Structures are given as C-alpha cells and as structure tokens.
Amino acid sequence: MPMIEHRVSYTLDSSLETIDRAEEKATRIATELGFAEDVVMQISMAVREGAVNAVLHGNAYAPDKKVTLAFEQTGGDLVITIRDQGKGMDLSKIPNPLAPENLLKTSGRGIFLMRSFMDVVEIRPSQTGTELKLIKHVHGPAAGGKEASQ
Amino acid sequence: MTMKVGSRQVDGVVIVDCSGRITLGEGSVILRDTVRDLLSKGNKKIVLNLAEVNYIDSSGIGELVSAFTTTKNQGGELKLLNLTKKVNDLLQITKLYTVFDVKDDEAAAVKSFK
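Top to bottom, those sequences are chains U and E.
In terms of our numbering, the first sequence has 10 at position 10, counting the first letter as 1, and numbering is strictly consecutive.
In terms of our numbering, the second sequence has 42 at position 42, counting the first letter as 1, and numbering is strictly consecutive.
There may be inaccurate statements among the hints.
Unchecked claim - As a list, the in silico EDC-like pairs of lysine to aspartate or glutamate whose alpha-carbon atoms are at most 20 Å apart:
#1 E:Lys72 / U:Glu101
#2 U:Lys133 / U:Glu72
#3 E:Lys86 / U:Glu24
#4 E:Lys72 / E:Asp101
#5 E:Lys4 / U:Asp20
#6 E:Lys103 / E:Glu77
#7 E:Lys86 / U:Asp20
#8 E:Lys86 / U:Asp38
Keep in mind the hints are simulated off the structure, nothing from the lab.
Computed from a prediction, not measured in an experiment: that's the story for all the values here.
Chain U on its own, in the form it takes in the complex (with noise of 0.2 Å):
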C-alpha cells in the first residue's frame, strides 16, 4: 500500500467551496492509498456528505465556526474524521430514506449514502459539536502493505 503521511488534518471555513476541498483532497488521498476508482467515488461522495452535513447542518454557515477534517492511515484503514462546530444533532430523529413515505423526500440522504459507501460509520454528536468518522478498509492489492509487515 502507497504510504502517505500517517495523519493530515485540515481546519476550513463553513463555505460551500469546504464541501468541493473535502471531496477533492479525499479523491486525490484515496487515489494516492491505491483505492480502485469505484472505491474513491465511493470515498469521495461519502466525505462530501458529511462535510455537506458539517457546513450546513452542524456550522449552519456560520463564519465563526470551523469545520476540520482529517485523513488518517492506521493498519490497512483509511480513517477520515471531519468535526463541527455545531449544536450536534439528534440521531433517533433521522429518518429512514428508504421508507416509503419518505422516497419522496428531497433531503434525508446523506447519512444513508455515507453508510452504504464505507465500512464504518460513527456518529458522535454533543452539544459543542458532532464527530463523524468514516472508516474504509484496504482490501486486495492494495491492502498488500499490511501483508507484508506483518
């Protein structure tokens, strides 16, 4: 597996051009980890979702508060954390996309596109702002790096 540095964090603005940075940095990281293409659009969207949920939901856009991603590799995962500022959120009041009274809905999507995309999703809001952490596991080739040094 391609080495990168261990651990890059990044603080950003709560801006639309924060969702376009997380996702470009997360498709050039994941590219750079050795992720099949599939696998990257897979990384990419599940950040921009969460940096959408960050900006809008959690910041609200507000320019005082910040939103800070990181990029880590530990072992054969990529783990990506990405924080607000915001009031933290309530998880027992999202709903489920997939109902069907709630197909039609024009929002409610993301955490469901996040959790399909990666291996792990955690959830940790509190009253000064919420943690997401997205964790993707190195499978086939690219996971030959932990092989070895084991």
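Got chain U; can you put chain E on it based on the hints?
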C-alpha cells in the same frame, strides 16, 4: 465541472440535456430553475437527459425528486433518460429507480408520453 443545461423540443416534449455535476449549490439551483421555468411556460412533458451527468450528490438527488414532484403536482410528467452507471447505481441504492420513469432511448422516451 459545473452543471450546464440546454433544452430542445421533440414532438411536444422538452428534452433537457444536462451535463456536469448536480450537487449542492450551483448545480442544484440550475436544475431547479430550469424545471420551474419550463413549467411556468406550460411545458409539462419533460425529459431530463442525464447522459453527460457524471456526478450527483444527495442534494442533487433531492433536486431530481423535487423536479419530479413539482412537475407531477402541476399535472405534468418528468422522466429520466440515459443514466450513467454512477447515477443509475445511486438511484438503485436509494430505491428511487422505482419512483422515476427511466428510459435509455430518446425516441422511446418521447413516445411514452400520453
């Protein structure tokens, strides 16, 4: 690549050729404004040709749903044409493939309107 749209009439049906990304921000707004403009001018048979749309996020999916329901609520029909694999996969996993009338042939799409 930002989103671009162009529309043309075929046998009373408006084909909206979309290209680029339908994502939160400009892409979603362009799609919303385009469909609303068509409806305001009395065009109620609409086909969104997504052949050149290479990326849609959850906001873009929401905008497609909004376009579909807005058109339907005004007595019209909106169909999707020529989905790329990425967009097709997204509509499959979100179960929206069962909601939209999806076509892969323009002539058939035009003929399918009553």
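Take a quick look at whether Lys86 (chain E) and Glu24 (chain U) sit within 20 Å of each other, Cα to Cα.
Roughly 18 Å between the alpha carbons, so the hint for Lys86 (chain E) and Glu24 (chain U) holds.
Quickly compare the C-alpha distance for Lys72 (chain E) and Glu101 (chain U) to 20 Å and report which way the hint goes.
holds (17 Å)
Under the criterion that the straight-line Cα-Cα distance not exceed 20 Å, is the pair Lys103 (chain E), Glu77 (chain E) satisfied?
With a Cα-Cα distance of about 13 Å, the restraint between Lys103 (chain E) and Glu77 (chain E) holds, given a limit of 20 Å.
For the pair supplied as a hint, Lys86 (chain E) and Asp38 (chain U), is the alpha-carbon distance within the 20 Å limit?
This hinted pair holds, its Cα atoms lying about 9 Å apart.
Regarding the pair Lys86 (chain E) and Asp20 (chain U), is the alpha-carbon distance no greater than 20 Å?
Measuring from Cα to Cα gives roughly 18 Å; hence the hint holds.
Is the Cα-Cα distance between Lys72 (chain E) and Asp101 (chain E) 20 Å or less?
Satisfied, since the Cα-Cα distance of roughly 12 Å is no more than 20 Å.
Starting from Lys133 (chain U), check that the Cα of Glu72 (chain U) is at most 20 Å away, please.
Within the cut-off at roughly 11 Å; holds.
Holds or violated: Lys4 (chain E) to Asp20 (chain U), with C-alpha atoms at most 20 Å apart
Holds - the C-alpha atoms of Asp20 (chain U) and Lys4 (chain E) are around 18 Å apart, at most 20 Å.
Going down the numbered hints, you'll see the structure goes against none, and every one checks out.
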